[in-house]
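Student: Chain by chain, the residues:
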Amino acid sequence: MQKIYLKAMTAVLAAAFCFNSASAQDDLMKGAKGEAKVEKERKGFYFQPSSIGLAVGTSGAGLEFCAGLNKRFNVRAGFGYIPKFNYTKTDEIGQYNVQTEYKTEAFQLHFFGDWFVWGPNFHLTAGVGGYMGAKSTARSIPLGDIYYGDININDDPNRMGYVESKVSLNTIGVYAGFGWQNLINTNHFGLSLDLGTYYSLMRPDVTMSTTGYLVGNESNRQQLAENLKGYRWLPNLQLGFHYKF
Amino acid sequence: MKKALYIAVALFSVCFTQCTKPTKDFTFSVNPKPFDHTVTMSFYDAANPGKPPPNITITVTGQNANDVYEISGVKNYNVVDGILSLGLLYKANPTEGSPASFTVTATAPGYLSATIPVTIKYDQPIKLINVSMINKAQPPAGVNVQETNTPLDPSGATSTDVVIPPPAGAAPEDQVVSIDIPSGTAFKDAAGNVVTGTTLTSSVVSFNSTDPASLNAFPGGTASENIKNESGATVAGRFRTAGFADINMNVGGTEIKTFTQPITLHMGVSSTQINPATGTLFAAGQTIPVWSYQTSTGQWSYEQVATITDNGSGGLEANFPTTHLTYYNLAVMENICATSSVMFNTGLTTSETFLVDIFAANEPNIPVVSGFLVQVANGQTVSFDNVPTGNMNVKVYRNTAANSQTNFTIRDGNPVGTYSGALCGSTPTITLNIPVLTPITFDIQGQCPSSSANPIVRPTVDVWYRAYGSGSAYQLLGQVQQGNFSTTNLNLNSKYDFKVIWGGSKVYLKTKIVDSTSYHRTIVVPQDQIATFCQ
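Chains as they are written, first to last, in this note's numbering: chain D, 1 to 245; chain W, 246 to 780.
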């Protein structure tokens, strides 16, 4: 998982470098042609829808609507959905090789406010988000031959059973982060990047159940809840592809 | 600005890698239950039920012998403190109409060997078989042992008419055996060769038909699927015995199987027992079939009909000639049915064990099935083994220390449920009238070192018990399954001795007052038991 993440980060860096350079070149070309645009600056706060777009990142894929409040402040509202996906991992726990199949999905809504500190691109962001129905189900089974006396008892998965852990999150979290609104900037399209983290106001709910020969392992529930304490920090990396009005 | 981007991504990465691994400090244990059907055998000295015979050797043969393990999962059949717990591997689970079967043979020095055919039906998860073993030097009431030496002539034959008498110490009501061997009788081995020697050594063990200790020693159990009837057909049936005997002879250490001319057996018959064929007490002039049993094959065979006569001492006997040696059994053989079952309405929220006695309608004193242990949940159906056709009287008792699993005369009062009628071809319902009882629940686990194969052990094991200070034989209380057990057969604030056999070799004894209705215990396994429990 971490390798995938690092590769993604590398790709984002490369994209940011290239597109930011192109965007700066665009601006230079406009200047060279002398096609300066003079806009009349509005005073005070207003609500000016500015873009709608596709947001993709660690919080899922969804839509995001953006509106300007003035030259320095934006507001954004959007949602993201991580469709159910599976992956399998093998760990060594005690003397057993344990294979766990994870099934995860999540849905979140968010409301952000952006403060453009120095210019029209870089911004600091604060807001709230709500995770609804975020859950991960992990089903663990031991691998290999396991003997009870002279009997190999791991030749029938129905009898061996499994340990099933369910972690669910239905919570509101506060958000803090920063980003760039216009990594790519054309008249009608823009590419944005957000980095930040949610902090969940509630701990994930953890349940654990067992079947078959694995009865008794539900005693790990408390340890799992303890290990997931730190998972209230939910990092967010999001790319946005916007259509500007 | 680019610099800010790179720093931000680096910080983000660091944050992400600091989350705790979800499985950190987990323990993982496997608590297997590979047997859906278990058979617990309790071997005891027939004269002293609290004392098991020492050095019992077990052999398992038959159709499903390869699927039978000691309950700890090994193929070593060790009888520990008289107890052997066997499990049938789940791959050989019986199905409806297709039971599993095997034969257990037990031998011990100084004791008559015992052959126990075992049949497991699909709805019999737990089976208790109490095996009475006869100590020839100290037989129980109702069993008599007579060992004699008779001199032979140089050809190895009797030189005069010989009478092998019954034991002088036999009680007047005992159903003893005497043997008439005419002069000139020679003795043959299993191959039919005449054996020569100077001395005929005889061992005659006679068994009453009314004493529980004696009936418990009936070879192979009173029901059999291997009976050759008078037509020569092999049938299943149950014997209503009027007495049986085990007769063995040898000349110079060679086992004798046949004779050159007939000998006459005189087998005692009880005048206070009901003749199953007539419904009246046994009396002179009546007849009774004679059956023989071969220990090596487990087969019963019809021999002849014997006439009951006065024995000249105020009692009764059946006399008949024979030319071969074996077990002999005076009995009416009744047809049995393949399936007979009862649904139990216990009214309890958890499974519980009960004892069941089944009497033929015309025999209120001697059950055809006694002390049959069932473990049932409310509304559950249980099958019985080898029930005779015809009407039966079923009596259900609580499996408390006051009701013996080996002696049907020890019952603490009225049964908690009864049924009268046919069992074959029907599944009647018995509603139990049980006093309001508080179940005692157990949730037990053993804690092993975290480096063990199983840091947490939740055992599946039989629990035996007896009332503290009773000195009686331990009785099976029930089976703990993966650490869980519940019973209403223990009285609150009463003291009991408990026994658990683990790993086919260890005995754990504990005397405890039951002072709580709920026991949740995590027991740290002692250092010297880690190898047994935790690996």
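Some hints could be false.
As the list claims (entries may be wrong) - Here are the simulated lysine-lysine pairs, DSSO-like style, with alpha carbons at most 30 Å apart:
(1) D/Lys103 to W/Lys266
(2) D/Lys135 to D/Lys84
(3) W/Lys269 to D/Lys89
(4) D/Lys135 to W/Lys296
(5) D/Lys84 to W/Lys755
Bear in mind the hints are in silico, worked out from the structure with no lab data behind them.
Because the structure is a prediction, the values reported are computed rather than measured.
Student: What hint numbers does the structure not satisfy?
Tutor: 4 and 5
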